[in-house]
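Given only the sequences and the hints, what does the whole structure look like? Please build it.
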Amino acid sequence: MTETLVRIDGVTKRFLENGTPAVEALTAQIKSGQVTGLVGPDGAGKTTLLRLIAGLLLIDDGTLRVCGFDPKTHAAPLHRVVAYMPQRFGLYEDMSVIENLELYADLRSVIGTERDEAFARLLSFTGLESFTGRLAGALSGGMKQKLGLACALIKRPRLLLLDEPSVGVDPLSRRELWRLVYELVDQDIGVVWSTAYLDEAERCASVLLLSEGKALYQGPPQALTRSLEGRTFQVRNISGERRAVLARALERPAVIDGVIQGRSVRLVVGKGGVAPAPGDIGAGPEAVIAAVPPRFEDAFMDLLGGGPRGRSPFADAYASREHPIDSVVEAQDLTRRFGTFTAADGIHFRVKRGEIFGLIGPNGAGKSTIFKMLCGLLRPTSGTARVVGLDLAKAPSEARARLGYMAQKFSLYGDLSVRQNLEFFAGVYGLGGRRRRDALKRMVETFALGPHLDVDASTLPLGFKQRLALACAVMHDPDVLFLDEPTSGVDPRTRREFWSHINAMVANGVTVMVTTHFLDEAEYCDRTALVYRGRIIATGAPDDLKERARGAGRSDPTLEDAFIALVEADDRESLA
Amino acid sequence: MWRRILALITKELLASVRDRQTRWVVLFSPPFLLLIYAFAITQEVTNVSMAVLNQDLGREARELVSRFEGAETFERIHYLTGVAEIAPAIESQDVIMVLHLGPDFSRRIAAGERAEVQLLLDGRRTNAAQILLGYATRIVARFNETLSKGGARPPTRVITRAWFNPNAEPLWSAVPALFAVLTAMVGFMVSALAVARERELGTFEQLLVSPLQPVEILVGKTVPALLIALTSASAMLALGWVVLDVPLRGSLIGLFAGMTVYLAAIIGIGLFISSLASTQQQAVIGLLLYLVPAVLLSGYATPVENMPDWLQWLSTINPITHFIAICKGVFLRAVPAEVILRHIWPMALIATTTLSAGTWLFRRRTT
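Protein sequences appear in the order of chains D and C.
Per UniProt numbering, residue 1 is the first one in the first sequence, and the count goes up by one each step.
Per UniProt numbering, residue 1 is the first one in the second sequence, and the count goes up by one each step.
Hints in this document: simulated from the structure, not taken from any laboratory.
Cβ atoms here follow ideal geometry from the backbone N, Cα and C, with glycine treated the same way.
Be careful, since some hints might not be right.
[As the list claims (entries may be wrong)] A few chain D residues facing chain C, derived, Cβ under 8 Å:
{"#": "1", "residue": "Leu377"}
{"#": "2", "residue": "Thr381"}
{"#": "3", "residue": "Tyr405"}
{"#": "4", "residue": "Arg419"}
Here you go:
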């Protein structure tokens, strides 16, 4: 039997007086015995809403009832029935697993036999029995989340609030977490799972889709996805450049959204629209267009009014390049040890000009170690890393002048204006005089930064921050672009815009290296290397990796399925 | 290469001016602190009581006692009748100082012999006691002077304590040392946070993947820190001059030359700490670990000459010691150039060492 645990009625919360509200006139309900997905990109208001429900923040307007209590007047009884797991675990990293549990038990006054029972139950539930003595800081991301979950569950709550539990957790542990949460739901606990990954919405019984503090949709995810039935297609067997096919498709008025999926292109058409014929978008003679089931993300994009359209201004602004050297990034037997721990072991690969190469793998597997060695942030213990034929150990400055780098948390100087940021990076890359003026002008025009030039970078909206970061990274016309988790947590619209720029640059001969644990991003790659325990356990196009996971009861495996299958196979091999 | 460094310097300066917090911490708060500290650490002693035990009935003894009675410093003067009363008077903290004249004081003076005055001070109140000792010795000295005019050979005693501070104007005596310490603080703040903050924000990696070389980054961090600290120090200097009326008798050029070398040494240490730290918090803690002993060993609070030998040696490799010496020299007396130079060269050595150590560690930590 389900009861309504949380009633949200016209709730508004703003952090600055007269500022934009973090949550605006929101009305929603959360029920017991099911997982409610709180879905939306970073900055949509997910954490604010969770903290309002947990009684950690107070609402400005509207009414809020949590398990029958008003958080304003009845905070204490509310805290007894609501458990909240914050984004950063809330664990004490210098204490062991059991000490963390003991602390939370003390805080919740769980003592005597109740305590022993709770510990036994939670440790077997989370599979942490054999790790009780280990320091929380030494656990993997997935295990930390499980411990965080155990701490939140010391006293059986009626409502469990999880703030982005799947961030920093590899696909394997993510499945495990979902299994645990489903078990809780069977015990009639209400669970709120907040996430920026739209694919997780499909696992929830009910979804509250947030965008800029407002609810775009509330209800079962399937109901929303179903509304797009008959409007989603995949163009397969493309001969020629699939990125160009996507760009051409997006120029057609009927197409409202499109993304690259391995070798294919996925398209969404508007209501009553017709899919374009493969010939019309230059997909080649063998290409076919097939209807595919819609995804939650397609529906989200439809609600937002479709993705960015047309051509990236980069397609014209970026000069196409000729270069004699064909192997642009080269890893030769790269090894890096930290003490006795080998973070990267004999890594070997080449990336061709105009290729998008992705390093994927669980957290701590070594992908960022490899990535850092290739862009000169980390010195290899042995082996060589080359960029455009230049050895990073011998000519670091020259090699670095040829590469552009964009970090996950757009590394901009927030106190400087947009113009000052651009000028700084122009100076750092040694651009002067005419070249500098031209580069600045080109970036401002390409990314439409003109109206924002004198605004502090920290106050820019997210989409513009991303544009500015990309502008700073490519102002000096690099041959290679290194992207470190470029669009994780970013809303799908901004992500599409970003990749449209990248695709346009690649078409002009720029090479791109990406590291990501976000498998949607990996779909954009021409080739990926799956890194696990410091080694590359598989290399190939995303579609080839998926192919390897086919069979074993899966007819149409996703990249995530492939990832899990390959990692498990490797585990079995190392055991044998 | 120069274009890259220039871009970095411009960025650093812009960021410091545009960030309200930095602007406050670095440019406005040091002069403000100087004012507060200067008034708080004023070394004036007023409203204290003393006692007199005069066992001599002679004219000279009465004369000396009346001079103490005339001094404004002492609010009340108690008169004791026997040696047995001295200890209780001090123990009860009724008085901080006892002046004891023996029965043969006047007779010895009349005979042209060496007469003795005993001063007993409350050692628990070290600071006040030392200052009072200064006052008292001066009163005795004046008394000596009048006596010697009469022809008798005076029982001489050299008083140095307030020599360069002739009016015993207490407000300034603290300023030179304070100025040196606050200047160091600014230099540390700017340099120690410089790298750590970027590391925390993630912008540091962005710098490291650019063609900038470690040395260039270091120069690009040192120069703006130096400029900012010099600006802040100049503001303090102006404030000391205008508001606190510190005399500034020596050469300003000498002071600024010393200050530049001093700041280079400080910034080198700051960058060293900054390269070690991965967050601003760690940098600040590292800074305190260095700053507190360095200030204590600099002669800021207690004279270096009173320290054990090994600590004295340690204080010679402390840039703060040298700069305090320069400041005292330039502020309070017109010290000759070679004295300034004598303190500049050790600081230059320290600066060379710390900046190279900073560069070395920086290189190691960044690749």
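Hint-by-hint comparison with the structure:
| no. | hint | result |
| --- | --- | --- |
| 1 | Leu377 | holds (6 Å) |
| 2 | Thr381 | violated (12 Å) |
| 3 | Tyr405 | holds (4 Å) |
| 4 | Arg419 | violated (11 Å) |
Checked against the numbered hints above, the structure violates hints 2 and 4; every other hint is satisfied.
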